[in-house]
Amino acid sequence: MDMKNARNAGEKMEELEKVGFDRKMKREASFLAEDDFIKEIRKGKNVEIMPIEEALKEYDLPKFFGRKDKYTKMVLEKRQTGYFIRVPEGKHVTMPVQTAFLLKSDKFKQILHNIIVLEENSRLDMISGCMATTFNGLHASITQYHLKKGSYLTYTMIHNWEENVEVYPRSSAYLEEGSTFISNYIALTPAKKIESNPIAILEKEAIARFYSILYARKNSDFDIGAIARLNGRKAKAEIISRIIAQDAKVISRGLIEGNAIEAKGHMECSGMVMGKGIIHTIPELKSSVANVELSHEAAIGKLAEEQLNYLMARGIDEDEAKSLLIRGFLDVGIKGLPPHLNKAIERAIDLMAMASI
Amino acid sequence: MLEIKNLRVEANGKEILKGVNLEIGEGEVHAIFGPNGSGKSTLLAAIMGLPPYEIKEGEIIFKGKLLNDLPVWKRAKLGIGLAFQNPPEVSLKMEKLLEKIGKNGLQEYVEKLNMKDYIKREINKGFSGGERKRAEILQIAAQKPDLLLLDEPESGVDMENIYIISKVINELLEKDKKIKERKKSAIIITHTGYVLDFIEAKLAHVMIDGRIICSGPPHEVLKNIKENGYEECKKCR
Chain A
1 MDMKNARNAG EKMEELEKVG FDRKMKREAS FLAEDDFIKE IRKGKNVEIM
51 PIEEALKEYD LPKFFGRKDK YTKMVLEKRQ TGYFIRVPEG KHVTMPVQTA
101 FLLKSDKFKQ ILHNIIVLEE NSRLDMISGC MATTFNGLHA SITQYHLKKG
151 SYLTYTMIHN WEENVEVYPR SSAYLEEGST FISNYIALTP AKKIESNPIA
201 ILEKEAIARF YSILYARKNS DFDIGAIARL NGRKAKAEII SRIIAQDAKV
251 ISRGLIEGNA IEAKGHMECS GMVMGKGIIH TIPELKSSVA NVELSHEAAI
301 GKLAEEQLNY LMARGIDEDE AKSLLIRGFL DVGIKGLPPH LNKAIERAID
351 LMAMASI
Chain B
1001 MLEIKNLRVE ANGKEILKGV NLEIGEGEVH AIFGPNGSGK STLLAAIMGL
1051 PPYEIKEGEI IFKGKLLNDL PVWKRAKLGI GLAFQNPPEV SLKMEKLLEK
1101 IGKNGLQEYV EKLNMKDYIK REINKGFSGG ERKRAEILQI AAQKPDLLLL
1151 DEPESGVDME NIYIISKVIN ELLEKDKKIK ERKKSAIIIT HTGYVLDFIE
1201 AKLAHVMIDG RIICSGPPHE VLKNIKENGY EECKKCR
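Residue numbers (my numbering), protein chains in the order written: chain A, 1 to 357; chain B, 1001 to 1237.
Read the hints as simulated data drawn from the structure, not as lab findings.
Wrong hints could be hidden among the right ones.
What the hints assert, rightly or not - Calculated lysine to any residue pairs in the SDA-like style (CA-CA distance at most 20 Å, straight line):
1) B:K1096 x A:E320
2) B:K1100 x A:L351
3) B:K1096 x A:N309
4) B:K1096 x A:I334
5) B:K1096 x A:R347
6) B:K1120 x A:P338
7) A:K234 x A:N121
8) B:K1100 x A:R347
Said to hold, decoys possible - If you want the footprint, here are the derived chain A segments under chain B, 3+ residues with CB under 8 Å:
9) 153–159
10) 310–317
11) 327–338
Remember, it's a predicted structure, so these values are computed and weren't measured experimentally.
In this text, a Cβ means the ideal position worked out from N, Cα and C, and glycines have one as well.
I would like the entire structure built from these sequences, with the hints used as guidance.
Okay, here's the thing in structure tokens:
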């Protein structure tokens, strides 16, 4: 590693906090991997956490049913590391579990496999960070979630990549009756390519909410979305995104399928285009039975001059006013998170949005 | 404090202010009356430096400094605060903005203006007319300007809210101090003049077609307008 990269790596290690990996905060358990090896694994009293390799020997693990392409094939054939997390039946874990993956070596291909299982009526909050300290590289992963009856999982993923890094996370979530899955995805730094389109299958009265907060800059190419299949009666899904494309391209996808009566789905995308940015929204609703309620709305606009002038009339200079408006725009108001995780997200957005102008 | 000399202002190529002269001393409150489209709001926007208003001729001097080419935010920093007539909805929580403006003792005004529940919300989103006006005055209270520009603070506001707003404006204008000791000034645009029942103004001006055509004691000027209408004012040109 040359001096520039080494310095960058040093700075970035301290910046793990930016993606939510914070040794000063109270956490139930921690998992940190660098490139293809586990750097830190701190077990908790209330959850099981182990390297994926161990879990594969010990458990009969759920099958991946997400998108099948060369990246999932790569993971299933060449997985390097990853975690397995299991919350026992009825256990409500009060402190979050934190995980982080660091892409450190130049041109490294990081190939990961993670599995999270929540037994019946358990609850877990996870904060998961991914970042690069090298300018070139690739990150491919599979993450599988299995939420058993009545369980509740919030999963907040904060990404902080570099301009030449390609990122292909593939995820599938199976939600049993009455379970709730809140998935938050935050990506605010440039990347060459991010392609992520998690898929969730929802059984009776299950709830899934996908929030994406994206700030694409410097020729980044993001293709982000979510798929929710409402297979059980009264299943409910929401896909909500806030996107800024500044000299970058973002495709925002969403598909909600209503396959059972009284299922409800809503999709909402708000986009702001700056400079030579492009936002392309592809919302899809599909209904195979009568008596489902599906809706979507999308709005794309520019940074409003009127709002900018309004803030400047309060004595705030132009750059700061822009940064405040961007920050405000990205404030999607995620529901269902414990307050300290909300704060961690706000902090991550503050740091990255403020630094971006 | 403020001196405006022969001010001509255009918006999108159309002349709106056609030579305005106005002088406001320290501690003085002036009211401006005038029919719709006479240029009252343009005058405040031009003092603040807001687009699309362009100064074509004349000078705006504030505390001895020529404002003509200063950006909006620098004018605000110098001590000018504008309460907008129709403030936009802004995708930013009000408390975040107030933090940035950041002056001490704001909590007191949050309570006085009944804004406690609103500062957690995005600015003006879903606010009623009266709530917007209270939000404007709260932001002005945070700025603590030396010159308050109040663009129809009472329009769309019920009597109770006019009372609340006026009380705070009077505090910001140091009306509790002796006349000689007051340092804060204001220009108030008002259609109805109601607000002048609560905030004493020293002088009122009537603006017609981009010019100030007469000035006098506020209640006398208002009485004349009420009795004879602006048509009569136009004869004074």
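- Query: Is the straight-line distance between the alpha-carbon of K234 of chain A and that of N121 of chain A 20 Å or less?
  - Reply: 19 Å, holds
- Is the Cα-Cα distance between K1096 of chain B and E320 of chain A 20 Å or less? 12 Å, holds
- Is the straight-line distance between the alpha-carbon of K1100 of chain B and that of L351 of chain A 20 Å or less? Distance ~16 Å between K1100 of chain B and L351 of chain A Cα, so the pair holds.
- Has the given pair, K1096 of chain B with N309 of chain A, been kept, meaning a C-alpha gap of at most 20 Å? Cα-Cα ~16 Å, so holds.
- Item | Proximity test - 8 Å, beta-carbon atoms, the segment 310–317 of chain A to chain B, at least three hits | Our answer is that it holds, as 8 residues pass the Cβ test (under 8 Å) against chain B, meeting three.
- For the segment 327–338 of chain A, do three or more residues have a beta carbon lying closer than 8 Å to a beta carbon of chain B? That given contact holds, which follows from 4 residues of the segment 327–338 of chain A lying within Cβ reach (below 8 Å) of chain B.
- Message: Just to be careful, I want the Cα atoms of K1100 of chain B and R347 of chain A compared with a cutoff of 20 Å; is the pair within it?
- Response: The hint holds at about 16 Å.
- Message: Using a Cβ cutoff of 8 Å, are there at least 3 residues of the segment 153–159 of chain A near chain B, or does the coverage claim fail?
- Response: Per the Cβ count (0), the hint is violated.
- Message: Against the 20 Å threshold, does the CA-CA distance of K1096 of chain B and I334 of chain A hold or violate the hint?
- Response: 17 Å, holds
- Item | Hint consistency between K1120 of chain B and P338 of chain A [alpha-carbon to alpha-carbon, up to 20 Å] | 18 Å, holds
- Assess, step by step, whether the Cα of K1096 of chain B is no farther than 20 Å from the Cα of R347 of chain A, and give holds or violated. Status holds; Cα separation ~13 Å.
The structure fails to meet hint 9 from the earlier list, while all remaining hints are met.
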